[in-house]
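Once you have looked at the hints, place chain H on chain C.
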Amino acid sequence: MSPLLTWALLFAVGCLTLATIFALVRLMVGPRAEDRVLAFDCLYVNSMLIIVTLGLLYRSSSYFEAALLIALFGFVSSSAMAKFLLRGEIIE
Amino acid sequence: MNTATPPWADVVTAVLVVAGGLAALIGSFGLLRGKTFFQRVHPPSLVATGATWGLTLATAIQSSVVTARPYVHAFLIPVFIALTAPITTVLLTRAALFRARRRGATDVPPPPGGPPPPTPQ
Numbered sequence: 001m002s003p004l005l006t007w008a009l010l011f012a013v014g015c016l017t018l019a020t021i022f023a024l025v026r027l028m029v030g031p032r033a034e035d036r037v038l039a040f041d042c043l044y045v046n047s048m049l050i051i052v053t054l055g056l057l058y059r060s061s062s063y064f065e066a067a068l069l070i071a072l073f074g075f076v077s078s079s080a081m082a083k084f085l086l087r088g089e090i091i092e
Numbered sequence: 001m002n003t004a005t006p007p008w009a010d011v012v013t014a015v016l017v018v019a020g021g022l023a024a025l026i027g028s029f030g031l032l033r034g035k036t037f038f039q040r041v042h043p044p045s046l047v048a049t050g051a052t053w054g055l056t057l058a059t060a061i062q063s064s065v066v067t068a069r070p071y072v073h074a075f076l077i078p079v080f081i082a083l084t085a086p087i088t089t090v091l092l093t094r095a096a097l098f099r100a101r102r103r104g105a106t107d108v109p110p111p112p113g114g115p116p117p118p119t120p121q
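Chains C and H, in that order, give the protein sequences. Using the numbering used here, read the first sequence as starting at 1 and increasing by one per residue. Using the numbering used here, read the second sequence as starting at 1 and increasing by one per residue.
Hints listed in this document are in silico derivations from the structure and should not be mistaken for laboratory results. Do not rely on the hints blindly, as some may be mistaken.
Covered stretches of chain C, as calculated for chain H (at least 3 residues, CB under 8 Å) [unchecked claim]:
{"no.": "1", "segment": "16-22"}
{"no.": "2", "segment": "40-50"}
{"no.": "3", "segment": "59-65"}
Example chain C residues on the side facing chain H (calculated, C-beta under 7 Å, incomplete) [said to hold, decoys possible]:
{"no.": "4", "residue": "P3"}
{"no.": "5", "residue": "L5"}
{"no.": "6", "residue": "T6"}
{"no.": "7", "residue": "A12"}
{"no.": "8", "residue": "L27"}
{"no.": "9", "residue": "E34"}
{"no.": "10", "residue": "D35"}
{"no.": "11", "residue": "R36"}
{"no.": "12", "residue": "V37"}
{"no.": "13", "residue": "L69"}
{"no.": "14", "residue": "F73"}
{"no.": "15", "residue": "V76"}
{"no.": "16", "residue": "S77"}
Note that the coordinates shown come from a computational prediction; the quantities given were computed from them, not determined experimentally. C-beta: ideal position from N, C-alpha, C; glycine also.
Chain H extracted, bound-state conformation:
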């Protein structure tokens, strides 16, 4: 099976794929390396943006060149991830802040107005 793709398409796809893989690796390494939870929240967004967009652009370019027609429904994945990743992050950060206040941690800001919630016993 020898589908002859032009060299520029292979080069662009290879660059995008390598950049996407490195972005995923750096983001996950940051997840492993952060010291507190609020430092660890940030790096996975690199996976959700850089890696997902790079690999999807590579898929779209390569499939468009191979089938000689625009392949646009690959962009469903990064659009969906871009819509849903902030929701998960905000929910998780609010849950972490809530649980830290319930635990009585002193390194989080106090709630705006009102006494702090009682510690559960």
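Isolated chain C, as found in the complex:
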């Protein structure tokens, strides 16, 4: 692997880590429940992209299945939480 590609991949991992930290800050300071669900939705997509980038960096194809599973379960959990908020059964 050329040094250009290695540095580009390390730059992308750094960017995605910073993006995950931003989403985590929004998850902690989000004033309402829907802000936290939205931040969680952004957080799992960022984590999945970190795994995709690491699979490209280490030239291993087994990272792909992990990324696909994270996408699947993240969608299920975040849509379940959004549906729960939509029913209005939160005790406030």
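For chain H alone, coordinates are given in the frame of chain C:
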């Protein structure tokens, strides 16, 4: 381990990877920076489209060049994200609008027809 990839593949992959990383960073920064919830809904779609497609295209190009055969099942991830991200966004926005009306907020549009729902006590 010296798998010699052609230089054009490395350059294209590096450009796509850097663009994807920057798109994810900009989208998450917009999520952090928006003032209301309805402003914060928009930027994460940049993560779900730009960053996901850029990194997946980079993976597909690099793996196709290394293994010398088309590597198409990497596109399962962006297709799945493109199918599911609008569902989550629409559900979450409707939940936020519903909760804002229940709370009695005045900066959201009233429900179309009918009296506003009572505030819970």
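Now the hints, each set against the structure:
no.	hint	result
1	16-22	holds (count 5)
2	40-50	holds (count 6)
3	59-65	holds (count 3)
4	P3	violated, 9 Å
5	L5	holds, 5 Å
6	T6	violated, 9 Å
7	A12	holds, 3 Å
8	L27	violated, 10 Å
9	E34	holds, 4 Å
10	D35	holds, 6 Å
11	R36	violated, 11 Å
12	V37	holds, 6 Å
13	L69	violated, 11 Å
14	F73	violated, 11 Å
15	V76	violated, 9 Å
16	S77	violated, 10 Å
Hints 4, 6, 8, 11, 13, 14, 15, 16 from the list above are not met by this structure, while the remaining hints are.
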